[in-house]
Amino acid sequence: MSERNGALVHIERVNKTFRRGAEEIHILSQLNLEVPQGEFLALMGPSGSGKTTLLNLIGGLDRPTSGSVRIGGDSIDQMSNRRLAAWRARHIGLVFQFYNLLPVLTAERNVELPLLLTGLSSAQRRRHVEAALSVVGLTHRAKHYPRTLSGGEQQRTGIARAIVTDPTLLLCDEPTGDLDRKSGDEILALLQALNREHGKTIIMVTHDPHASARATRTVYLDKGRLSSEKPE
Amino acid sequence: MRGLGLVLSNLKRRKLRTALTMLCIFVAFVLFGLLCALKEAFTAGVTVAGADRLIVRHKVSLIMLLPVTYGPRMEQVPGVSAAMHFTWFNGIYQNEPKNFFATMPVTPERFLDMYPEYVLPDDQKKVWMEKRAGAIVGRTLAERFNWKIGDRVPLTSPIWPHKSGGAWEFEIVGVYDGAMKGTDTSGFYFRYDYFDEGRAQGEGMVGWYGVRVNDPDHADAVARAIDAEFANSPYETKAEPEGAFAQGFVQQIGNVSTMLIAILSAVFFTILLVAGTTMAQAVRERTAEIGVLKAVGFGNGRVLGLVLAESLVMTAAGGMTGLGAAWLFTAQGSPVPAMLPVFYLPTDALIVGVGMVLALGFAAGLLPALSAMRLPVAVALRKHV
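Protein chains in written order, with my numbering: chain A, 928 to 1159; chain B, 799 to 1183.
Since the hints were derived computationally from the structure, they do not count as laboratory data. All C-beta atoms in this analysis are idealised placements derived from N, C-alpha and C, irrespective of residue type, glycine included. Check the hints yourself; a few may be wrong.
The calculated DSS-like cross-link candidates involving lysine-lysine, where the alpha carbons are at most 25 Å apart (straight line), are [said to hold, decoys possible]:
#, chain 1, residue 1, chain 2, residue 2
1, B, Lys979, B, Lys857
2, B, Lys979, A, Lys1070
3, B, Lys1036, B, Lys810
4, B, Lys1036, A, Lys1070
5, B, Lys923, B, Lys946
6, B, Lys857, B, Lys813
Negatives, chain B to chain A, calculated, CB over 12 Å [to be verified]:
#, residue
7, Asn808
8, Pro895
9, Asp920
10, Asp1025
11, Pro1032
12, Ala1115
13, Met1118
14, Gly1122
To give an idea of the chain B side of the interface with chain A (calculated C-beta under 7 Å), a few residues [what the hints assert, rightly or not]:
#, residue
15, Arg811
16, Leu814
17, Ala817
18, Ala1093
19, Gly1095
20, Gly1097
21, Val1175
With the hints as extra help, turn the sequences into a complete structure.
Here you go:
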């Protein structure tokens, strides 16, 4: 999946502009970023700096106003909506700040969701779900609904859902933002293990320096531009 | 069927709202079924009317009588193969006004020959020809009063009192069935000779004629010829096809079809709003969840399908059970056999009902489904689950 130079994510001269009435708001300006395969990248920056927007562009959830977004050689900014949805299902795992579990489904059914888009049989899907829940240490809570799980357990369910299809890239948007320190540490340890032991490439948006310390590299986004140095 | 579990889980999210919406749809389709049965009850005569038969009545009104001698004269009119008279007897059983049913004196052999939709076993037919006080009754009427062959049945008639001053005495000699589903089997037919001999007044007069023509394509011309035959006589006639005659009866109530369509349109428009609002609310509440589905790879078409499937399952659960309940109710027979002897839910109405269930599900879910489909994933994810 990686490109010849080793970068899995290759972002070149990306601009993202939102329109609010007559006003144009520039979120990202001529932004360049490369993320090698196997890296655990922390993306930091103040509120409104465009971190989530950048994550959405990498995950194919949004499109750049201009510039190119290539993931593993696929120019996802050129894809049709239909192809992009199929690409996301195959290559992207998403972890959200507020877990975004479907409240009407049990933990195992939430984890199974991305597998409904595959050609796997029910038994095969069940095996994949069990494996993902086992990785996050939540097998014993498989039959529980989200409302009966703690915040940490819900986030671990969200991570199991993100890894159940064995995606190329894991995108985490403030994964510890809604958790206490202890639960947050457990989630960060889990992400670190996924990166180190399973070789997952992870891009994590965070405000928390404690969280970014777990990453192999940290970049800062401010006023639409990236730098490896923390802005003043 | 991979998404069916998700569809059912979503429907169970707000159980009370889903149940109330289904209940509304259920009631609407029960009403649809019952109104279709009612329409069939009013128009059964039109449905089973013979294309080769005319009804000839007094030109002024059906209640005015015609001479019995008109029958042979009608049979002389070119194009007529047979003529057969009827008289409204208005029989009442056990002097109880609610025990009222269609009672008519007829000429047995002609009656059975001209109206093959009344099916009477040969042995019973034979007995009817022999017994002057014999009467045949339809299956529905026999079951209503638990009559059996051989039973003696006294009837009174406010129109035609017996010359003895007492009741008319009949013996049940046959029970007929209908050849078609819409055939009225609530009638009571007895012999004209017995009637003419026993009535206190009006001998030689009858109510109206049923006339069979050789060629249904020339029925109108034959009707005009019959009217011409009796023009300028004391008993001028009005001849018309049996179907038009039955339709005229129905139209005395009003245009039944138009009334039913108006009622059902109002009901279904309301139900469409109810179901559509439920689906719109359901989708609005789940904006972030739709975002999650799209984020994990559900395409726009699949999201559209999920919402439409949810709408269809909801309307199908309410609508199909409503149609089933209406069918079960009508299968028990008419609740008022004296007024509506033919009462059933026709198969074509059931098929239309199923089509309406599907159309309702599709229409109620379409706009919410389109809005879910068009929802940009990044926008949807900004809402919290």
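Now for the hints, and whether the structure bears them out:
1. For the proposed pair Lys979(B) and Lys857(B), the alpha carbon gap of about 32 Å is over 25 Å, so the pair is violated.
2. For a cut-off of 25 Å, the pair hint linking Lys979(B) to Lys1070(A) is broken: about 54 Å separates their Cα positions.
3. For the suggested pair Lys1036(B) and Lys810(B), the alpha carbons sit about 64 Å apart, so the restraint of at most 25 Å is broken.
4. This hinted pair does not check out: Lys1036(B) and Lys1070(A) have alpha carbons roughly 79 Å apart, beyond 25 Å.
5. A C-alpha spacing of about 15 Å is found between Lys923(B) and Lys946(B), which places the hinted pair at or below 25 Å, so the restraint holds.
6. For the given pair, Lys857(B) sits about 63 Å from Lys813(B) by alpha-carbon distance, which is inconsistent with the 25 Å threshold.
7. With a least beta-carbon separation of about 6 Å from chain A, Asn808(B) fails to lie farther than 12 Å from that chain, contradicting its non-interface assignment.
8. Here Pro895(B) stays apart from chain A, with its beta-carbon at least about 60 Å from theirs, past the 12 Å limit.
9. With 12 Å as the threshold on Cβ separation, the claim that Asp920(B) sits away from chain A holds: the shortest Cβ distance comes to roughly 63 Å.
10. Its beta-carbon lying about 72 Å from the closest one in chain A, Asp1025(B) satisfies the requirement of being farther than 12 Å from that chain.
11. Every CB of chain A is more than 12 Å from the CB of Pro1032(B) (nearest about 82 Å), matching its label as outside the interface.
12. Listed as outside the interface, Ala1115(B) is consistent with that label: its C-beta sits roughly 17 Å from the nearest C-beta of chain A, beyond the 12 Å cut-off.
13. Remark: the non-interface label on Met1118(B) is consistent with the geometry, its nearest Cβ contact in chain A lying 24 Å away (cut-off 12 Å).
14. For Gly1122(B), the condition that its CB be more than 12 Å from all CB atoms of chain A holds, with the nearest at approximately 28 Å.
15. The interface hint given for Arg811(B) is met, as the beta carbon of that residue sits about 5 Å from the closest beta carbon of chain A, less than 7 Å.
16. Checking Leu814(B) against chain A: minimum C-beta separation of about 15 Å lies over 7 Å; hint violated.
17. For Ala817(B), the interface hint is violated, the least distance from its beta-carbon to any beta-carbon of chain A being 16 Å, above 7 Å.
18. For Ala1093(B), the interface hint holds, since its Cβ comes within 7 Å of a Cβ in chain A; the closest pair sits about 5 Å apart.
19. For the restraint placing Gly1095(B) at the interface with chain A, the shortest Cβ-Cβ distance is roughly 2 Å, inside the 7 Å limit, so the hint holds.
20. Interface restraint check: Gly1097(B) against chain A, minimum CB-CB distance 4 Å, threshold 7 Å, status holds.
21. Against a cut-off of 7 Å between C-beta atoms, the interface hint on Val1175(B) holds, since the closest Cβ of chain A lies about 5 Å away.
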